[in-house]
Amino acid sequence: MMKCVPSFLLVSLAIGLTACNQASEKDSKVNINKDPYPSTYQALAAKPILIKNATILTGTGEQLDNADIWLVDGKIKQIGQNIEVSNIQIIDAKGKWITPGIIDVHSHLGAYPSPSVESHQDGNEMTNPNTSRVWVEHSVWPQDPGFDTARAGGVTSLQILPGSANLFGGRGVTLKNVPSTTMQGMKFPQAPYGLKMACGENPKNVYGGQHIAPSTRMGNMAGYREAWAEATEYKREWDKYERDYAAGLNPTPPQRDLTHDTLRGVLDGEILIHNHCYKAEEMAMMIDLSKEFGYHAGTFHHGVEAYKIADLLAENGSCAALWPDWWGFKMEAYDMVPENVAIVDAVKNSCAIVHSDSADTIQRLNQEAAKVMYSANQSGFDIDEAHAIRWITSNAAKSLGIDDVTGDLSVNKQADVVMWNMNPFSVYAQAEQVFVDGAKVFDRHDEQYQAVSDFLLGQQ
Amino acid sequence: MKLFSKTLLAIALCSMTNAYAQSIAITNATLHTASDEGVLTQASLVMDDGKIIAINPAKIDADVVIDAKGAIVTPGLIGSLNQLGLVEVGAVASSRDGRDKDADISFNGETAFNPKSSVVAYSRKGGITRDVIMTSGGSLFLGQASLVELTGEFNSVITPTSAVVMEFGAQKKGSRALKLQQLVDELTEHQQQSSEKPPKKKQAPLSNKAKLLNQLLAGTLPLIIKTDRAQDILHLIKLKQQFNLDISIAGGAEAWRVAPQLAEADIAVILSPLQNLPGNFDSLHASMENASRLDKTGVQIAFTVVGDATHNLYQLRFDAGNAIANGLNPASALKAVTYNVADIFNIDAGQLAVDKAADVVIWSGDPFELSTHVERIFIGGKEYSTQSRHDKLRQRYTTDSQMPRAYTK
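As they're listed, the protein sequences go chains A and B. Counting in the numbering used here, the first sequence runs from 1 upward without gaps. Counting in the numbering used here, the second sequence runs from 1 upward without gaps.
Pulled out of the complex, with its shape left as it was, chain A reads as follows:
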């Protein structure tokens, strides 16, 4: 009997403790807020519009001649021939061309704005080869006049990326190209975050020059692998915490770490990789790296040698965001061919994109795409406008993970639309009217729709 008493006591104590935990002592769950700087973007007010008699490049590979497009409540309501609607504003677009809003997957607007003064060099946190903890949205100056000139070039959405000094440069952010006093007011609702990675010369030169790793390309690879190995552990700790908590235990939450939050987001498939990487052999290794650690290699940016591994890129489902003709500014940009985009594009399941990385060429992405199309056609390709427009619209949207809502002119997509004065693949073409979510944000012939940044306002 004596033996029994203590046991009984112990059991009741244990029950008491458990009961107590369940009632009040289990810690509240630590949840990481994944959207702490949420979008406050709201479409500008807009009445329904019917644009008639245009040549329309749909962004899905089709060209519709003498066609109409009807925009209602920020969405594409209908597209096709002979759309008749009464009591609605009608734009006669005879002789004009309509395309989806242009999307640039690689911009530094706001982070490296104009004027390019010392105080504005906010695009590269060059203090550590892994700065996955920084978010470029925290550097974006919405008053960069470059947003306005890009809008005049038909750009309706764009991804701002940190620079390429680091192996991991930090998070990118996708914006709607509307004038706003805050970054949040431009932030593309629901767009996934990007993570900028960089191969090759830039990181190894920036840190090698300071006698810090990496100083070689193999050092670059070691740097990525170490980071992903750590991130894998971090993810495991949090996954375990969440699993244990869900199982009714009261686990101690792992220590929060901003760097690994971002990398974990990639491993969880929530954050998309955007990888500055020029050379064929490096892109191939970055794909293997992604398989080693179980994430997707995402989009390769700049990829001057992408044409050498077009098959591999398509097989991996990787987009390649490329220039038509930039070259020669460094060794890894030496093997340029003007048909790069077209060669990448020619493979089944490819995702070729023309990007800018420039406050200048972002204003003329239509011409950048045209350069590729015509160079390629001169070399025996047979590419038309309906197809090539995808390089700066729907393929770009796919790269950014926003292709379910924008990037082409399908019914119910966001009414991000550009009306051009002529075939946009001409050097003489200009965007005449630009719509974001059905609202006119630019009109070349109406000053009322020409935004001027605070910086330029009132300058004498």
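It is possible that part of the hints are untrue.
[As the list claims (entries may be wrong)] Covered stretches of chain B, as calculated for chain A (at least 3 residues, CB under 8 Å):
id, stretch
1, 303-309
2, 337-346
[Unchecked claim] Counterexamples of contact, computed for chain A against chain B with all Cβ distances above 10 Å:
id, residue
3, 53
4, 125
5, 201
6, 259
7, 363
8, 429
What the hints contain is simulated information worked out from the structure, not anything from laboratory work. Even glycine gets a Cβ: it sits at the ideal position worked out from N, Cα and C.
Could you slot chain B onto chain A? The hints should help.
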């Protein structure tokens, strides 16, 4: 026998390419002359001995006759103020000869120019036949500009000293006021020294610098000053008048704001038609309409490429096309990439006119259009290819082969 005929053919080809004196006629062409003659349709042109010897002659008499089938023919385009042949790869120090922080007015790129640079052949794709390269020193003057032709052949520097180049405007350190004062002092001092010293029999030979300053002050050597701000341009107009210099403005983002003064002072502006962003406080009023406004006011304009002006030189014609889209008339746009550049740098080319250098391009269409390419290009009366290693790379990676790509050549 077969071998023999091949050899004969090879000899024939060699002698063809070396036959400098071979005359070539282009007939049935639409000649955009970049001269007062404007556009001549159903026209012909004859080149011989490096020059254009006839336009629309009564009788065509030439070794080779090319039927242009109505195609547009223009003078070869002339680039300027880049480092073609001085830089192969921007970030590779050993491939760069265009910069030296200690260099001054005597810095001349002539002996560093590499005619075999891959950028030379690539630039011919853009119809560029001649180019004014420049050095970039770190003193009062950046250095000199030199005229080269894009033949890719040895010894293609035509004029070692075509101009002297300097910058005036926003500075990372110090003040522009001091810089302008230094220039004025330099010129004044040199003027005084020249006038004070009576010629002596045993006078020491003039230094290179003194010779250049003499030529600048005599107005025989162009002084190109890179500057953007309208107020700064007004200072340079005064400077021209004070010293009787042959000044042209380069950059000139805000030049349109002082267009009447520039026209009055007969100062040309070498600008990029695409520069429309305020890169700093000197260019707050940069505009895509800079070119058209200057042209309408009677200012002579020439175009240069923005950004990496060397590797992107080939796109000069597209920049001109953009200027047209922003209000410039096409005839002025053509002059801005041909005759006006020649005029600013005293080059005997840039027009389809008798006695001008036989730099001639036959185009597949409108030279400014993205869809157009160079059909044939002649420099100094000789035909050149537009093929470059870029084409070799494309061919290698678009040709099926059982062997590794490295065997496809």
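The hints, checked one at a time:
Counting residues of the stretch 303-309 of chain B whose CB lies closer than 8 Å to any CB of chain A gives 3, which reaches the minimum of 3, so the coverage claim holds. Counting residues of the stretch 337-346 of chain B whose C-beta sits closer than 8 Å to any C-beta of chain A gives 0, which falls short of three, so the coverage hint is violated. The Cβ of residue 53 of chain A lies farther than 10 Å from every Cβ of chain B, with a closest approach of about 23 Å, so its non-interface assignment holds. No beta-carbon of chain B is positioned within 10 Å of the beta-carbon of residue 125 of chain A; the least distance is around 22 Å.
For residue 201 of chain A, the non-interface assignment is contradicted: its Cβ lies about 7 Å from the closest Cβ of chain B, within the 10 Å cut-off. Every CB of chain B is more than 10 Å from the CB of residue 259 of chain A (nearest about 29 Å), matching its label as outside the interface. Taking the minimum C-beta to C-beta distance to chain B, about 8 Å, the non-interface status of residue 363 of chain A is violated against the 10 Å cut. Not every Cβ of chain B is farther than 10 Å from the Cβ of residue 429 of chain A; the closest lies at roughly 7 Å, contradicting the non-interface assignment.
Hint check: violations occur at hints 2, 5, 7 and 8; the rest are consistent with the structure.
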